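Undergrad: Listed here are the chains, written in short residue letters.
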Amino acid sequence: MAVAAPARSGAPSHWLLVAIPAAVLLVFFVVPNVLLLSASFLKSEAQQLTTTPTLDNYQFLFTRRLYLEVFLRTFMVGLAVGVLDILLGFPLAYFLVRTRSRFKGLLIALSLAPLLASVVVRTYGWYIILNRFGVANDLLLNLGIIEDRIGFMPSTGAIVIGLAHALLPYAVLSIMGSLNGINPNLESAAMSLGANRTRTFFSVVLPLCLPGVAGGFLLVFSIAISAYATPAILGGPATQVAATAIYNFIAVILDWSLGAALAVVLIVSSLLLLYGAARLGANRAAL
Amino acid sequence: MSFRRWRANRAPWALLRAFVIFIYVFSLGPILITAAVSFNQGTRSYFPPRGFSFRWWERAMAPEWLDPLWFSLKLGSLTALISTALALPLAFALYRYRFRGREALVALTLGPLMLPTLVTGVGLLQLFQIVGLRDYIGFAALLVGHVVICMPFAVRTVTISLSTLPPNVELAAASLGATRLATLRHVVFPLIKTGLIAGAVFAFIHSFTDVNLSIFLARPGEIPITVKILGFLEFGFAPTLAAVAVITLLLPLVLVAIVERVSGLGDFIYGDRNRA
Amino acid sequence: MPEPALRLAGIEKHYGATVAVAGIDLEVQDGEFVTLLGPSGCGKTTTLGLIAGFFPPTAGEIYLRGKPVADLPSFKRDIGVVFQDYALFPHMTAAENVAFGLRMRRVAPGETAQRVKDALDLVKLGGLGDRRPLQMSGGQRQRVALARALVINPAVLLLDEPLSNLDLKLREEMRVEIVSIQRRLGITTIFVTHDQGEALVMSDRIAVMNAGRIEQVGDPAAIYETPATRFVAEFIGRMNLFNGAVTPARGVRLASGVEVALPVPDDVATGTAVHVAIRPERARLTPGTPGDGLALMGKVRRILYLGAAREIHLELADGERGVVEVRNDGSGLGFAEGSEVWLSAPLANCRVLPVR
Chain E
246 MAVAAPARSG APSHWLLVAI PAAVLLVFFV VPNVLLLSAS FLKSEAQQLT
296 TTPTLDNYQF LFTRRLYLEV FLRTFMVGLA VGVLDILLGF PLAYFLVRTR
346 SRFKGLLIAL SLAPLLASVV VRTYGWYIIL NRFGVANDLL LNLGIIEDRI
396 GFMPSTGAIV IGLAHALLPY AVLSIMGSLN GINPNLESAA MSLGANRTRT
446 FFSVVLPLCL PGVAGGFLLV FSIAISAYAT PAILGGPATQ VAATAIYNFI
496 AVILDWSLGA ALAVVLIVSS LLLLYGAARL GANRAAL
Chain V
32 MSFRRWRANR APWALLRAFV IFIYVFSLGP ILITAAVSFN QGTRSYFPPR
82 GFSFRWWERA MAPEWLDPLW FSLKLGSLTA LISTALALPL AFALYRYRFR
132 GREALVALTL GPLMLPTLVT GVGLLQLFQI VGLRDYIGFA ALLVGHVVIC
182 MPFAVRTVTI SLSTLPPNVE LAAASLGATR LATLRHVVFP LIKTGLIAGA
232 VFAFIHSFTD VNLSIFLARP GEIPITVKIL GFLEFGFAPT LAAVAVITLL
282 LPLVLVAIVE RVSGLGDFIY GDRNRA
Chain W
535 MPEPALRLAG IEKHYGATVA VAGIDLEVQD GEFVTLLGPS GCGKTTTLGL
585 IAGFFPPTAG EIYLRGKPVA DLPSFKRDIG VVFQDYALFP HMTAAENVAF
635 GLRMRRVAPG ETAQRVKDAL DLVKLGGLGD RRPLQMSGGQ RQRVALARAL
685 VINPAVLLLD EPLSNLDLKL REEMRVEIVS IQRRLGITTI FVTHDQGEAL
735 VMSDRIAVMN AGRIEQVGDP AAIYETPATR FVAEFIGRMN LFNGAVTPAR
785 GVRLASGVEV ALPVPDDVAT GTAVHVAIRP ERARLTPGTP GDGLALMGKV
835 RRILYLGAAR EIHLELADGE RGVVEVRNDG SGLGFAEGSE VWLSAPLANC
885 RVLPVR
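Protein chains in written order, with the numbering used here: chain E, 246 to 532; chain V, 32 to 307; chain W, 535 to 890.
Please keep in mind that the hints were generated in silico from the structure rather than gathered at the bench.
Some hints here could point you the wrong way.
Said to hold, decoys possible - Below, simulated SDA-like cross-link-like pairs (lysine to any residue); rule was C-alpha separation at most 20 Å, straight line:
no., chain 1, residue 1, chain 2, residue 2
1, E, 349, V, 56
2, E, 349, V, 210
3, E, 288, E, 306
4, E, 349, V, 46
5, E, 288, E, 268
6, W, 833, W, 882
Note that this is a predicted model, so its numbers are computed, not measured.
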């Protein structure tokens, strides 16, 4: 980060500037998370938090089959969504970066426009399509491809589709960012030296945008594992993921300890993934 | 141009273009289908829609839906205002000065972006309960939570626009006789105006579309529209929801279109990962 | 008659309604150094791109060693390209960059290593093979780009303004080096530039381009001494152009009334407006009327001191402007601003050019 003027020595003016915002963040962001962390180590009885320290909560989560399944499902969903979004996002990002159409700005806006709709709204669209009496079933029936309606949802697959759809713009943004930094002449240079399009892609383009691609993957992964609305709408009690389980603990069963513990697991996973993403994003090559 | 020539040179791009069209269909399809369904005559989700009716749109205008919508608008606007107001000095200090604890402050500022908003919601709920502020769960708690998760967006955009200030512009102003305050008012502020506006817009949209944090901090009568829609889905389908969904998409869309025309948002979309 | 190394036949390139290349015919012999010279937007870089195969021509055919290649994509053509911004692969070392083309041609690793070393030595970068482009200066990157294009022994070497990003001293140094390497290897070379000094110094032949067409092709002396059109005359060096018309006696009558007995091509009708062209350094300034030849009276408006020469700007009797360059041999000029002088030149130094 550039510093436009040297720090004026003896001037705590910067503290004045940051005092209120920092205080807001400290009180309403750091403290709640600390509370969560401590609650995860406390026992819960009769829906009330006690002050008895314990590791039972984590033990419970990591030994009960139900919750191990939840972890596995959450992880697999994140992985699948990440891979899907990279596979779909890369061609789109490449096209948007290299196209010379006069609609380029419009096309980019169009690819990011879904972000303006709440994830609830976007998932709702898939609800309309995938439910038993929805568009997909109607279409397949009318075309004679199936005889009975298929229960596309609730299911993990439906969650994956819904999330992949919702998070695609993030992957596109990330990949576009690193593709933009690649000199277009590099591809011409490689081709002039005898590399056909495939070899040019794997020898030149991919290595140079790999940080952006990997960063995008990790970003999508980390958002997917903490998604609530989409799994809630397109999934059901049999297809719980971490976020829905947390909601269940906190708002339904009122078991704060377990809810907090699960939340902490989610925090740690997200931090690890995002740290990886930031490292990759920050190491973009530029020439 | 001969076909052979076209095939050797242009075909790969044409293939890419075809695939890209498919991706756009995938991306925009569900939204368009939702919009189409909202005009359905019957109570089912026919697509292509059968009959044409505004009745679901009329139902969407009922207080049952307009109240949460209005609530979200109020919440979003206030969030945007406060977030931007807090972000401005913060971004300024982080960008301009080197001081001990700066790195920690940067981490603190970016923190809400790094952690799932769900978790922040749970934590805040716990905080409010423990401290005995149960009564403030609802608008107050939501406002606090939204400001926390939206502030980073404003900090980011203000930082970007600060970085576009030509290096010697403030020195030039001083050499022409401007005091520090006058420089800020006449030189710095106009130049970072677009960053402030972009920050406010992104904060508003993030607040308006949030659901993960809001589900924990809402209470009957003080429900954002997203939470309301989510709750309604438990009861199954109704085309009214489709109409409401379209409205909640159109509002941010119109806002972005207007601001883009008037002030320009393009520069801020990438948000810069190499900074802050 | 051996096949020319490169032949362009009726090459055109249209982008929608815009015409970038309007029709080019050119033959380049084996081992020739031909420069495409022209202002920005004249189509020279587009032409280079067409030869390289980065995009297909809208019409026309390209023959590399007799083989038609316009339908072939870039990677199937036997060419080497040096880009204006070098386009080195940032994630590879210099040696890996140079080896890339050989890798694509499946050359054995041992031979590759040897050829890469030879290529780097050729461009005087021996020993720097392990550096990455990021760690190199502009001049060094340029040499790596050159080595990379040369090591594959292409039928034609294409250079797109490779020197424009270098500072003056380096540019002059590289001009000489590039030509000497080219002569040594005997590689057919197409060089694109807008710098006429570069073109004159380096080329065997120059093709002057304007608005998507070639206006004239010839060796540097021919282009400079006998430009065929007004554009070429003014683009290379400086040129005085005096208005006149063809007389019935097949001479030229200047606007000032003076008549000169310059040969006029037979296909130009009497009365046609033409220019009489004379280079500033081929004209003289005298205080009184000289003998025969071209003689125009005028007043000195400005004298510019250029170090090795002086440039004298004149306003002539009929309102036209004239420029004369006088070598600075240490003696004075003999006149000053405001003086009345005569611009004169032997007819042999003058040419008749069409007005276009």
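Undergrad: Hint by hint, say whether it matches the structure.
TA: Right, here's what the structure says about each hint:
no., hint, verdict
1, E:349 <-> V:56, "holds (17 Å)"
2, E:349 <-> V:210, "violated (44 Å)"
3, E:288 <-> E:306, "holds (14 Å)"
4, E:349 <-> V:46, "holds (18 Å)"
5, E:288 <-> E:268, "violated (30 Å)"
6, W:833 <-> W:882, "violated (24 Å)"
The structure shown violates the earlier hints numbered 2, 5 and 6.
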